[in-house]
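K.L.:
Listed below, chain by chain, are the residues.
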Amino acid sequence: MHLGGEHFVNKNSFFSGLKAGVSIAIGYFPVALTFGLLAKTTGLSIWEATAMSIFVYAGAAQYMSLTLISKGVDPILIVLNTFVVNIRHFLMTAALNEKMQSEKRWVKGIYAFGITDESFSVLATQKESKIATPFAFGVAVIAYSSWVIFTAVGHVIGANLPAFLQAAMSIALYAMFVGLLVPSMRGNRKVVMLALVAAVINGFFYWTGLLSTGWSILVATLVSSILIEVIYAKRGKNLPKGA
Amino acid sequence: MQKEGKTYRKGRNKMGMWYWWTLLGMALVTYIPRAFPLTFLEGKELPPVVSGVLRNIPYAVLGALIFPAILYVQQDNLLFGLIGAAVAFSLAFLFSNVMIVVLGTIGVLAVYSLIF
Numbered sequence: 001m002h003l004g005g006e007h008f009v010n011k012n013s014f015f016s017g018l019k020a021g022v023s024i025a026i027g028y029f030p031v032a033l034t035f036g037l038l039a040k041t042t043g044l045s046i047w048e049a050t051a052m053s054i055f056v057y058a059g060a061a062q063y064m065s066l067t068l069i070s071k072g073v074d075p076i077l078i079v080l081n082t083f084v085v086n087i088r089h090f091l092m093t094a095a096l097n098e099k100m101q102s103e104k105r106w107v108k109g110i111y112a113f114g115i116t117d118e119s120f121s122v123l124a125t126q127k128e129s130k131i132a133t134p135f136a137f138g139v140a141v142i143a144y145s146s147w148v149i150f151t152a153v154g155h156v157i158g159a160n161l162p163a164f165l166q167a168a169m170s171i172a173l174y175a176m177f178v179g180l181l182v183p184s185m186r187g188n189r190k191v192v193m194l195a196l197v198a199a200v201i202n203g204f205f206y207w208t209g210l211l212s213t214g215w216s217i218l219v220a221t222l223v224s225s226i227l228i229e230v231i232y233a234k235r236g237k238n239l240p241k242g243a
Numbered sequence: 001m002q003k004e005g006k007t008y009r010k011g012r013n014k015m016g017m018w019y020w021w022t023l024l025g026m027a028l029v030t031y032i033p034r035a036f037p038l039t040f041l042e043g044k045e046l047p048p049v050v051s052g053v054l055r056n057i058p059y060a061v062l063g064a065l066i067f068p069a070i071l072y073v074q075q076d077n078l079l080f081g082l083i084g085a086a087v088a089f090s091l092a093f094l095f096s097n098v099m100i101v102v103l104g105t106i107g108v109l110a111v112y113s114l115i116f
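Here the protein sequences come in this chain order: E and G. Sequential numbering of the first sequence, starting at 1, is according to the working numbering. Sequential numbering of the second sequence, starting at 1, is according to the working numbering.
It should be emphasised that the hints constitute simulated quantities derived from the structure, not laboratory data. Glycine residues also receive a C-beta, built at the ideal position from the N, C-alpha and C atoms. Incorrect hints may have been included.
Listing some non-contacts, in silico: residues in chain E with all C-beta distances to chain G over 10 Å [said to hold, decoys possible]:
id, residue
1, Leu-18
2, Ile-46
3, Ala-51
4, Ser-65
5, Phe-90
6, Leu-96
7, Ala-124
8, Glu-128
9, Lys-190
10, Ser-212
11, Leu-222
Which chain E residues face chain G? A few, computed with CB under 10 Å, are given here [unchecked claim]:
id, residue
12, Ala-163
13, Val-191
14, Leu-210
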């Protein structure tokens, strides 16, 4: 459809989105498997457990809900807790919107369902200045499939991976975040500062226990993004549009 | 077995239909923060200051998502997380390919946990 050649074809297709999302699918595998297993021990049927992964699709919130359900916590509090844990996605999808190809609202409303910390990270660190809609669908679909399928599998087999593999695979999502961040840090001091300042602030909230994880990530991200922007605006050096 | 089956039933009955209402609520409050900015901001031109800050967010988020959580992937074993972090960063500096970083780090930690 275009003379842009391989580059254009590659970065805009559903298939290349699937490919870019493989590392998320690998990372979700052990987490979803364990969720299925824990849901079973909490007393949820396979339908109840899998339905949560299908309709909610939020790792941390789902894990917390299991603890709350087993303690018999009021459903309203479970829903409130879920909202608090996921409130940071307001910030992420607002940021992602700057990078997404212009598209009909209802279409964006569909792939928005697939935006997690991980799919956001993969999409937002693409080098292209604009991300095509099919690419976003590709990333979302493979990550979501892994999450849903391995929740069910975890419930059915009711057992974990061998201990050494389970332990080793617990690093997968973090290794992916590192793999996405470091190439952007090369020769770009602003990116280094953004990540570093946010990490330090987040560490501060973690060790002092002043904020829960969801809020801590939100505040650390926002403070770092604003602070570094102010510093660089004063120096007149900013990220190019595409970065 | 019998006893386990009973507690299981009891556990379910406690929530019963409420489970599905809870699920619906969880689904809604998870979806809204994802969908609202993407649909609401479509086609809107934000002030340069705001979009400047928004362009910073991915890298700040990654910093916060990685640290300090990467150190605690095995809660009782800080060394495990430290090794994982060191390997992941080294591989990322050497290869800038996400797959290599992910599989390589898993591989090294798998060997490590088999030995220790």
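K.L.:
Work down the list of hints and note, for each, if the structure agrees.
P.N.:
Hints, verified against the model:
Under the 10 Å C-beta cut-off, the non-interface status given to Leu-18 of chain E relative to chain G holds; the minimum distance is some 13 Å. With a least beta-carbon separation of about 12 Å from chain G, Ile-46 of chain E lies farther than 10 Å from that chain, consistent with its non-interface assignment. Distance to chain G contradicts Ala-51 of chain E as a non-interface residue, since its nearest Cβ pair spans about 6 Å, not more than 10 Å. Interface exclusion of Ser-65 of chain E from chain G breaks down, the closest Cβ pair being 7 Å apart, not more than 10 Å.
Against chain G, the non-interface label of Phe-90 of chain E is violated: not every CB pair exceeds 10 Å, the least being about 4 Å. Listed as a non-interface residue, Leu-96 of chain E fails to keep its Cβ farther than 10 Å from every Cβ of chain G; the least gap is roughly 7 Å. Here Ala-124 of chain E does not stay apart from chain G, with its beta-carbon only about 4 Å from theirs, under the 10 Å limit. The Cβ of Glu-128 of chain E lies farther than 10 Å from every Cβ of chain G, with a closest approach of about 13 Å, so its non-interface assignment holds.
Its beta-carbon lying about 8 Å from the closest one in chain G, Lys-190 of chain E breaks the requirement of being farther than 10 Å from that chain. Consistency note on Ser-212 of chain E: stated as away from chain G, and its beta-carbon is indeed over 10 Å from all of that chain's, at 13 Å minimum. At the 10 Å boundary, the C-beta of Leu-222 of chain E falls inside the reach of chain G, the nearest C-beta of that chain being 8 Å off. Given the 10 Å rule on beta carbons, the hint for Ala-163 of chain E holds: about 7 Å separates it from the nearest Cβ of chain G.
For the restraint placing Val-191 of chain E at the interface with chain G, the shortest Cβ-Cβ distance is roughly 5 Å, inside the 10 Å limit, so the hint holds. Annotation: interface hint on Leu-210 of chain E violated; nearest CB of chain G at approximately 14 Å, more than 10 Å.
Of the numbered hints listed earlier, those contradicted by the structure are 3, 4, 5, 6, 7, 9, 11, 14.
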